[in-house]
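**Student:** Chain by chain, the residues run as shown.
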Amino acid sequence: MGAVKLILDLLKTDNIKVKVKANNWKEVVEKAGKLLKDADYVEEEYIKAMKDAIIDNGPYVVIGKGIALLHARPEDGVKKMGMSLVTLKEAVEFGNKNNDPVKIAFAFCAEDNKKHINAIADLSQVLMEEDSVNKIAAMKSSEEIIDYIKSSVEKNQ
Amino acid sequence: MKVLAVCGMGLGSSLILKMNIEKAMEEEGIKGTVEVRDLSSIQGERADFIFASEEIAAKIEHNAEVYSVKNMTDKKEIKEKILEASQRGEN
Numbered sequence: 001m002g003a004v005k006l007i008l009d010l011l012k013t014d015n016i017k018v019k020v021k022a023n024n025w026k027e028v029v030e031k032a033g034k035l036l037k038d039a040d041y042v043e044e045e046y047i048k049a050m051k052d053a054i055i056d057n058g059p060y061v062v063i064g065k066g067i068a069l070l071h072a073r074p075e076d077g078v079k080k081m082g083m084s085l086v087t088l089k090e091a092v093e094f095g096n097k098n099n100d101p102v103k104i105a106f107a108f109c110a111e112d113n114k115k116h117i118n119a120i121a122d123l124s125q126v127l128m129e130e131d132s133v134n135k136i137a138a139m140k141s142s143e144e145i146i147d148y149i150k151s152s153v154e155k156n157q
Numbered sequence: 001m002k003v004l005a006v007c008g009m010g011l012g013s014s015l016i017l018k019m020n021i022e023k024a025m026e027e028e029g030i031k032g033t034v035e036v037r038d039l040s041s042i043q044g045e046r047a048d049f050i051f052a053s054e055e056i057a058a059k060i061e062h063n064a065e066v067y068s069v070k071n072m073t074d075k076k077e078i079k080e081k082i083l084e085a086s087q088r089g090e091n
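Quick note, the sequences are listed as chains A and B, same order.
Going by the working numbering, 15 is the number at position 15 of the first sequence; the sequence numbering is gapless.
Going by the working numbering, 5 is the number at position 5 of the second sequence; the sequence numbering is gapless.
Some hints could be false.
Straight-line Cα separation of at most 25 Å, DSS-like style, residue types lysine-lysine; simulated pairs [as the list claims (entries may be wrong)]:
hint, chain 1, residue 1, chain 2, residue 2
1, B, Lys-2, A, Lys-103
2, B, Lys-23, A, Lys-135
3, B, Lys-2, A, Lys-48
4, A, Lys-5, A, Lys-37
5, B, Lys-70, B, Lys-2
6, A, Lys-103, B, Lys-75
7, B, Lys-31, A, Lys-65
8, B, Lys-2, B, Lys-81
9, B, Lys-81, A, Lys-97
10, B, Lys-75, A, Lys-155
11, B, Lys-59, A, Lys-97
12, A, Lys-17, A, Lys-37
13, A, Lys-17, A, Lys-51
14, B, Lys-70, A, Lys-97
15, A, Lys-26, A, Lys-65
16, A, Lys-12, A, Lys-26
17, B, Lys-59, A, Lys-51
18, B, Lys-75, B, Lys-2
19, A, Lys-155, B, Lys-23
Rough simulated footprint, nothing fancy, chain A against chain B, three-plus residues with beta-carbon under 8 Å [claimed, not checked]:
hint, region
20, 5 to 14
21, 54 to 68
22, 72 to 84
Honestly, the hints are just simulated from the structure, not real lab data.
Predicted model, so just to flag it, every value in this text is computed and none were measured.
All C-beta atoms, glycine included, are put in the ideal place defined by N, C-alpha and C.
So that you can see chain B by itself, here it is in the shape it has in the complex (with noise of 0.2 Å):
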């Protein structure tokens, strides 16, 4: 699957937010990749997941399906939004 992390300039908590979601990837044998974008580049952009901070997200209009984190450096609560990410994908 494709996920794509959001900031409003792509290169600070996208950076790390990405960094951590890739880290839960990999932990619980999720494949795919993970990248970096700022919030103006994304129109038009194929993704199946789109991971950004809850103002960033609500500013999102994509087919992508959204999912708001709130601590971007929590690994708990990135591993359980990726994984439920993960379990749709296969739907």
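The shape of chain A in the complex, shown without the other chains (with noise of 0.2 Å):
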């Protein structure tokens, strides 16, 4: 239990959905949230929490352009650390001005706020490369972006 996770022990090809339709950010949020439960991370509470946790602080869960990190706290219902991805057919506003829309959403959930702190500098690294956001969402399948994901951190090692 108490191994620090790198983002590839957590975001699993069954984890991501490519090309997922959303005609809503609320729908994005279920959408990966639903992969998350799915994978038997969390309880089905936890989608709402993520939800209420953007109607309660605002959409600066768009963390850059066109992309947003979603979660909720460790006591709304997760089971196991966990993360999931969808990447949108159609980009989707979130109401953020600076940074919307969104075209890939990671969902995750913690158990505490210590052991995913590499899985997120993981994904930190993947993000601040040159055009990563355009490059996964246009991509087709989990496994080009599982492989791409895997070589943009093991480049930035």
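With the hints in hand, could you dock these two chains into one complex?
**Tutor:** This is the structure:
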């Protein structure tokens, strides 16, 4: 349980869905959240908590151009640390004036405030790369995305 | 200097922000520490600067100077702001 995880320990091909259709930001959260639930990382309530977090704190979850980073708190129904990714068929507005519209959305669930740090560090490396969002958004399969993330993380080590 | 990276829960965007601020500080040779906090836990904490997204920054009332970051994955924006902060810190 105590081990610190890297992004590729958490983000599996089954937890990635490409070219997802979503009509609004709530559907994006629901779809990314369903992947966490289907993998048995979270209870149903976690998905609602992720939506409530955006309603309460605003669309700052859109951390960079076209990227949303969705999550709630460990006590909101997390069973096991995990991460999911949906890429969107058509970009969706979250109401963030600087970084809308969202093309890719990562969701994660953490057991505490420490164990997921390395995975987020990896993610940060990937997202800082030039044009990484558009590249990931254009990819046609989960495998392609995993390969891209892997090479990006290895390059920065 | 001591910097706090703040978001609503201290779990997600503030972590990304912390990592990117640390990277920029390292590249620019700026000495200091960056710690992650959630919005509710910064009251009364001593810090030189606070970095947060625009939405969160608007909610912060603190003695430290607050910098709002538009794009937390934009190396250039973060570097400019941390450089500005470090220069102010020296004066």
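**Student:** It remains to establish, for every hint, whether it holds in the given structure.
**Tutor:** A quick look at each hint next to the structure:
Between B:Lys-2 and A:Lys-103 the CA atoms are separated by roughly 34 Å; this puts the pair beyond 25 Å, and the hint is violated. In summary, the hint linking B:Lys-23 to A:Lys-135 is supported, as the alpha carbons are separated by about 23 Å, within the 25 Å threshold. Between B:Lys-2 and A:Lys-48 the alpha-carbon distance is near 35 Å, which puts this suggested pair outside the 25 Å criterion. With a C-alpha separation of about 19 Å, the suggested pair A:Lys-5 and A:Lys-37 falls inside the 25 Å cut-off, and the hint holds.
This hinted pair checks out: B:Lys-70 and B:Lys-2 have alpha carbons roughly 21 Å apart, not beyond 25 Å. Under the criterion of a C-alpha separation no larger than 25 Å, the hint pairing A:Lys-103 with B:Lys-75 is consistent with the structure, at around 20 Å. The straight-line distance between the Cα atoms of B:Lys-31 and A:Lys-65 is roughly 29 Å, outside the 25 Å bound, and the hint therefore fails. Of the supplied pair hints, the one linking B:Lys-2 and B:Lys-81 holds, its CA atoms being roughly 14 Å apart against a limit of 25 Å.
For the hint linking B:Lys-81 to A:Lys-97, the alpha-carbon distance of about 20 Å falls within 25 Å, and the restraint holds. About 17 Å separates the Cα atoms of B:Lys-75 and A:Lys-155, which keeps this hinted pair within 25 Å; it holds. With a C-alpha separation of about 17 Å, the suggested pair B:Lys-59 and A:Lys-97 falls inside the 25 Å cut-off, and the hint holds. The hinted pair formed by A:Lys-17 and A:Lys-37 meets the criterion: a straight-line CA distance of about 14 Å does not exceed 25 Å.
Straight-line distance between C-alpha atoms of A:Lys-17 and A:Lys-51 comes to about 19 Å, which keeps the hinted pair within the 25 Å bound. Of the supplied pair hints, the one linking B:Lys-70 and A:Lys-97 holds, its CA atoms being roughly 9 Å apart against a limit of 25 Å. Straight-line distance between C-alpha atoms of A:Lys-26 and A:Lys-65 comes to about 19 Å, which keeps the hinted pair within the 25 Å bound. Our distance criterion of 25 Å between C-alpha atoms is met by A:Lys-12 and A:Lys-26, whose separation comes to about 23 Å.
For the proposed pair B:Lys-59 and A:Lys-51, the alpha carbon gap of about 20 Å is at most 25 Å, so the pair holds. Between the alpha carbons of B:Lys-75 and B:Lys-2 the distance comes to roughly 20 Å, so the proposed pair stays at or under 25 Å and holds. Between A:Lys-155 and B:Lys-23 the alpha-carbon distance is near 16 Å, which keeps this suggested pair within the 25 Å criterion. Look at the region 5 to 14 of chain B against chain A: 7 of its residues bring a Cβ nearer than 8 Å to a Cβ of that chain, three or more, so the hint holds.
Given a C-beta distance limit of less than 8 Å, the hint that chain A covers the region 54 to 68 of chain B holds, as 3 residues qualify and 3 suffice. Taking a C-beta to C-beta cut-off of 8 Å, the region 72 to 84 of chain B contributes 4 residues in contact with chain A, enough for the three needed, and the coverage statement holds.
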